[in-house]
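Asks: Make a model of the complete structure from these sequences and hints.
Just so you know, we're using the numbering used here here: the sequence shown kicks off at 7 and counts up by one.
Just so you know, these hints were derived from the structure itself, not from any lab.
Wrong hints could be hidden among the right ones.
[What the hints assert, rightly or not] List of simulated lysine-lysine pairs, DSSO-like, C-alpha gap at most 27 Å:
#1 24 / 79
#2 79 / 33
#3 33 / 81
#4 81 / 24
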Amino acid sequence: ISAHYLLRQGKELQPTAKAIQTITLLKSAVPELTSPELTGEWEFRLREIEHSKLTRDAFMRDIRELTNDIVGKAKHFHPDEHMPDTEPFGQCP
7 ISAHYLLRQG
17 KELQPTAKAI
27 QTITLLKSAV
37 PELTSPELTG
47 EWEFRLREIE
57 HSKLTRDAFM
67 RDIRELTNDI
77 VGKAKHFHPD
87 EHMPDTEPFG
97 QCP
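Replies: Below is the structure:
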């Protein structure tokens, strides 16, 4: 809320334009980062650690590999190739 990604409306939280634009950008640049499958996989793997079927080191190694991949994609990302063209809101003063 303090970073202006969400607005509180009564008992609900609503995404702001900033949040929607960020997700749109991430889906274009690094689609796996916004996938529910990745969240599910991480939750599964954390349960494996909890039950001693996977080591923390192995999990963290995979996280580092994913992070390196994401950073590599970010370095070569050109937003103008992925963001939709929009009509201007008006002239700047």
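Asks: Taking each numbered hint in turn, which are not upheld by the structure, reported in ascending numerical order?
Replies: none
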